[in-house]
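Visitor: Chains as they are written, first to last, in the working numbering: chain F, 1 to 297; chain Z, 1 to 297; chain A, 1 to 297.
If you're looking for bench data, these hints aren't it; they were derived computationally from the structure.
Each hint should be verified, as a subset may be incorrect.
All copies of an identical chain are treated as equivalent in the list; a pair is satisfied when it fits inside any one copy or across any two copies.
[Unchecked claim] With a cut-off of at most 20 Å between alpha-carbon atoms, the simulated EDC-like pairs for lysine to aspartate or glutamate come out as follows:
#1 Lys238 <-> Glu199
#2 Lys167 <-> Asp225
#3 Lys167 <-> Asp49
#4 Lys215 <-> Glu199
#5 Lys238 <-> Glu282
#6 Lys167 <-> Glu46
#7 Lys226 <-> Glu212
#8 Lys226 <-> Glu211
#9 Lys292 <-> Asp220
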Amino acid sequence: MLSRIAYGAKLLGCRGVNSSCKRRPQAFKFEFSDFRRHSTSSMVIEEADSQTGFITLNLNRPPVNMFNLEFTQEIIASLGRMSSSQGCQGVVITSAQKSVVSAGLDLNELHQPERERLATFWRAIQDLWLCLYTFPKPVTIAINGHLPAGGMILSTCADYRVMVQGKFTTGLNEVRFGLVAPFFLRDSFRSCVGQRQAELAITMGTLFNPEEALKLGLVDELAADKGSAVERCHSILKLYAQTNSNARHNSKMSLRQEAVDRFHQKRESDLDFFCRSVLSPEVQMTLESYLKSLKQK
Amino acid sequence: MLSRIAYGAKLLGCRGVNSSCKRRPQAFKFEFSDFRRHSTSSMVIEEADSQTGFITLNLNRPPVNMFNLEFTQEIIASLGRMSSSQGCQGVVITSAQKSVVSAGLDLNELHQPERERLATFWRAIQDLWLCLYTFPKPVTIAINGHLPAGGMILSTCADYRVMVQGKFTTGLNEVRFGLVAPFFLRDSFRSCVGQRQAELAITMGTLFNPEEALKLGLVDELAADKGSAVERCHSILKLYAQTNSNARHNSKMSLRQEAVDRFHQKRESDLDFFCRSVLSPEVQMTLESYLKSLKQK
Amino acid sequence: MLSRIAYGAKLLGCRGVNSSCKRRPQAFKFEFSDFRRHSTSSMVIEEADSQTGFITLNLNRPPVNMFNLEFTQEIIASLGRMSSSQGCQGVVITSAQKSVVSAGLDLNELHQPERERLATFWRAIQDLWLCLYTFPKPVTIAINGHLPAGGMILSTCADYRVMVQGKFTTGLNEVRFGLVAPFFLRDSFRSCVGQRQAELAITMGTLFNPEEALKLGLVDELAADKGSAVERCHSILKLYAQTNSNARHNSKMSLRQEAVDRFHQKRESDLDFFCRSVLSPEVQMTLESYLKSLKQK
Numbered sequence: 001m002l003s004r005i006a007y008g009a010k011l012l013g014c015r016g017v018n019s020s021c022k023r024r025p026q027a028f029k030f031e032f033s034d035f036r037r038h039s040t041s042s043m044v045i046e047e048a049d050s051q052t053g054f055i056t057l058n059l060n061r062p063p064v065n066m067f068n069l070e071f072t073q074e075i076i077a078s079l080g081r082m083s084s085s086q087g088c089q090g091v092v093i094t095s096a097q098k099s100v101v102s103a104g105l106d107l108n109e110l111h112q113p114e115r116e117r118l119a120t121f122w123r124a125i126q127d128l129w130l131c132l133y134t135f136p137k138p139v140t141i142a143i144n145g146h147l148p149a150g151g152m153i154l155s156t157c158a159d160y161r162v163m164v165q166g167k168f169t170t171g172l173n174e175v176r177f178g179l180v181a182p183f184f185l186r187d188s189f190r191s192c193v194g195q196r197q198a199e200l201a202i203t204m205g206t207l208f209n210p211e212e213a214l215k216l217g218l219v220d221e222l223a224a225d226k227g228s229a230v231e232r233c234h235s236i237l238k239l240y241a242q243t244n245s246n247a248r249h250n251s252k253m254s255l256r257q258e259a260v261d262r263f264h265q266k267r268e269s270d271l272d273f274f275c276r277s278v279l280s281p282e283v284q285m286t287l288e289s290y291l292k293s294l295k296q297k
Numbered sequence: 001m002l003s004r005i006a007y008g009a010k011l012l013g014c015r016g017v018n019s020s021c022k023r024r025p026q027a028f029k030f031e032f033s034d035f036r037r038h039s040t041s042s043m044v045i046e047e048a049d050s051q052t053g054f055i056t057l058n059l060n061r062p063p064v065n066m067f068n069l070e071f072t073q074e075i076i077a078s079l080g081r082m083s084s085s086q087g088c089q090g091v092v093i094t095s096a097q098k099s100v101v102s103a104g105l106d107l108n109e110l111h112q113p114e115r116e117r118l119a120t121f122w123r124a125i126q127d128l129w130l131c132l133y134t135f136p137k138p139v140t141i142a143i144n145g146h147l148p149a150g151g152m153i154l155s156t157c158a159d160y161r162v163m164v165q166g167k168f169t170t171g172l173n174e175v176r177f178g179l180v181a182p183f184f185l186r187d188s189f190r191s192c193v194g195q196r197q198a199e200l201a202i203t204m205g206t207l208f209n210p211e212e213a214l215k216l217g218l219v220d221e222l223a224a225d226k227g228s229a230v231e232r233c234h235s236i237l238k239l240y241a242q243t244n245s246n247a248r249h250n251s252k253m254s255l256r257q258e259a260v261d262r263f264h265q266k267r268e269s270d271l272d273f274f275c276r277s278v279l280s281p282e283v284q285m286t287l288e289s290y291l292k293s294l295k296q297k
Numbered sequence: 001m002l003s004r005i006a007y008g009a010k011l012l013g014c015r016g017v018n019s020s021c022k023r024r025p026q027a028f029k030f031e032f033s034d035f036r037r038h039s040t041s042s043m044v045i046e047e048a049d050s051q052t053g054f055i056t057l058n059l060n061r062p063p064v065n066m067f068n069l070e071f072t073q074e075i076i077a078s079l080g081r082m083s084s085s086q087g088c089q090g091v092v093i094t095s096a097q098k099s100v101v102s103a104g105l106d107l108n109e110l111h112q113p114e115r116e117r118l119a120t121f122w123r124a125i126q127d128l129w130l131c132l133y134t135f136p137k138p139v140t141i142a143i144n145g146h147l148p149a150g151g152m153i154l155s156t157c158a159d160y161r162v163m164v165q166g167k168f169t170t171g172l173n174e175v176r177f178g179l180v181a182p183f184f185l186r187d188s189f190r191s192c193v194g195q196r197q198a199e200l201a202i203t204m205g206t207l208f209n210p211e212e213a214l215k216l217g218l219v220d221e222l223a224a225d226k227g228s229a230v231e232r233c234h235s236i237l238k239l240y241a242q243t244n245s246n247a248r249h250n251s252k253m254s255l256r257q258e259a260v261d262r263f264h265q266k267r268e269s270d271l272d273f274f275c276r277s278v279l280s281p282e283v284q285m286t287l288e289s290y291l292k293s294l295k296q297k
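Given the sequences, and given the hints that come with them, work out the whole structure.
Guide: Structure follows, in structure tokens:
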């Protein structure tokens, strides 16, 4: 059974890269504690296909899979198990909810936070990006619902994106709420669509429907429903399985080196900036009234 | 009246960025002197729409809006007023001439120049680029005529470009005259079309008609005439108006950070190189015969 | 006769760049020894068109133009003659073989190599990339056969690429053999197709047929056969001939500066990494069995 893995063992996933080539950027390193803490969670439902070795992660934090600290750590822990599992040949990320993959950051983490938890939360978000962007095995995503703002960490870091046709949208719409997408998400977004379209999309805060997202390069193909989207992800993972896994990961790291280097250079100042911004009276007031308005609905 | 603004006040346009986030690149800073010097000019005709807060800058240095020192300073001063005006919600750049937006550098600035004026001129050209590329409010351009070479500072730095259909062309054709587009213009051009098409276009010195420019990504859409081009610019500015202005500008600066950093690193050596090249006997001879041939026409 | 050139003279090709502008990246410098060593070779057949000054290099190391040390040095030497020749106005690279332009590295160079020769070989491969990527005259390629893996140095560094329609493929398929394309080839490949498509193509090891390669931007146009591909290359070279050669080369160097800077920064560590990898028992065993299987065919 692929989905039950002894996860205390030292993780092997990234070793090939780090040991063989010092020039390579530093991939995400899973730590023991990531795996213990949330091993019995139901926020990430793992489905393993024992024939292919492909594992589907169904995100399951109703109603809209918002990233709070625990859920983010849960996803990282689950990815850690996939990374270390000899049997896992590739990952499909998708949602257990009907119409949303993830609505992004859970604003409750930002409203009147303890300073320390806030920092831990943002580190987890940064880690989620790094973990996915440098993941040693192929990651695909079946986008079976809305995927705005911070939720796009899941799609822009993946190796392949299939979006379900329908009334769903995806895009970095932060500017519509007075926010700025973090630099690392900007980088993975821009790597999908290029500089010009990234400028236009991000400064406008545009949300794209599936057809537009496909045309822009934000997703790689469309599918009729979740089932066929996951199936297409499996087909892509089968193609990846024909390549040498070490060489593939080294190639991926080589191609993503500039963004990963930038991440390591900037993550501390980004954390500092994030915490100071969120803790400012101005942002707290905006959050307060926004959260109040949500409750009244 | 938006077009009449007390411009002695400290400029606020870029403050949000600089104060809130030290990681951001340094935007253009308008100085008091920029605004005093040419306040009564008619080389830049400002038309304000008091309902929307959109201001149209009609470039008006006949016959072909070539950038000499005074015209360039004028444009910067006008942009400074827009930047500091609380009422200004966005800018449309266009031409008061019938068939040319700008023919680029005024070669008279380069022919037998005083060394000091030459340096001041090139600093102004550099400033024009930085000012537009980092402008805190949305900038659109209605390209209602030819826009070759250095004139493309106006379009490649804008947030949105509409080109009028017709026998107009645009492109970096410097190599046809033995010149090299400056590195900052290369950067903003490349950010529109990508590395490969930038290489091909710049090393060939290709001038593109509106359809080609659209296909390449050098402009974002076409319009039938100047009126409808300006109208389309207004529609885009209305979309921008739905976003948070601070967040939008911070996002723009984040996306343009690499090129702006490069600009600050290289502007002095670029200035030095430019002056030495222009003052060389070889370039002076070429200019002399070229300007003579123009006069004979 | 263009193809017979006194090659002892100091090479002029890159001088314009290096002397006029210290900010520019360092182009490849041909050395005297490159030109003496293999002047009577038949591995690179030069055909000069004395009317146009265009020179066609027919690669001729049967059966599949694999790069060993001598062939690589030969190509560099031939390019050196073109670079220094006053008469040469542009280059067309093509293959004298029927269905292969180049199959990439000659694996015999990697199998049980002398350490010194291995280092010399890899330096030559690096030099071939730098020489082509910074070549002072326009380089075009008529791709009249397969062009996988390392062979793509020839196409991705060229200024223009025409591919012959047919059952040929091109792409970086290294991951299928457990290898990683070197960073410089990754850079020139990525500059053609952009970040996203480079990631997908290289991590999948995809080989593209001519139509796919055209759509991706890996080649610029298709032709019916070798003759018409070479003809189209000539048409492109005629367009380049209308530009100022110094300005054109300076523009090319400016546009390619980042990748060239990276090359100079990393070439030594890349050499070190390459030699250590190849000399590892693991790679030697893989090579041994692979070469054995080839001989049995």
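Visitor: Each of the hints needs a verdict: does it hold here or not?
Guide: Cross-check of the supplied hints:
no. : hint              : verdict
1   : Lys238 <-> Glu199 : between (34 Å within a copy, 17 Å between copies)
2   : Lys167 <-> Asp225 : within (12 Å within a copy, 36 Å between copies)
3   : Lys167 <-> Asp49  : neither (30 Å within a copy, 37 Å between copies)
4   : Lys215 <-> Glu199 : both (16 Å within a copy, 18 Å between copies)
5   : Lys238 <-> Glu282 : neither (50 Å within a copy, 26 Å between copies)
6   : Lys167 <-> Glu46  : neither (27 Å within a copy, 43 Å between copies)
7   : Lys226 <-> Glu212 : within (19 Å within a copy, 29 Å between copies)
8   : Lys226 <-> Glu211 : within (16 Å within a copy, 31 Å between copies)
9   : Lys292 <-> Asp220 : neither (38 Å within a copy, 40 Å between copies)
Of the hints listed earlier, those the structure fails to meet are numbers 3, 5, 6, 9, in rising order.
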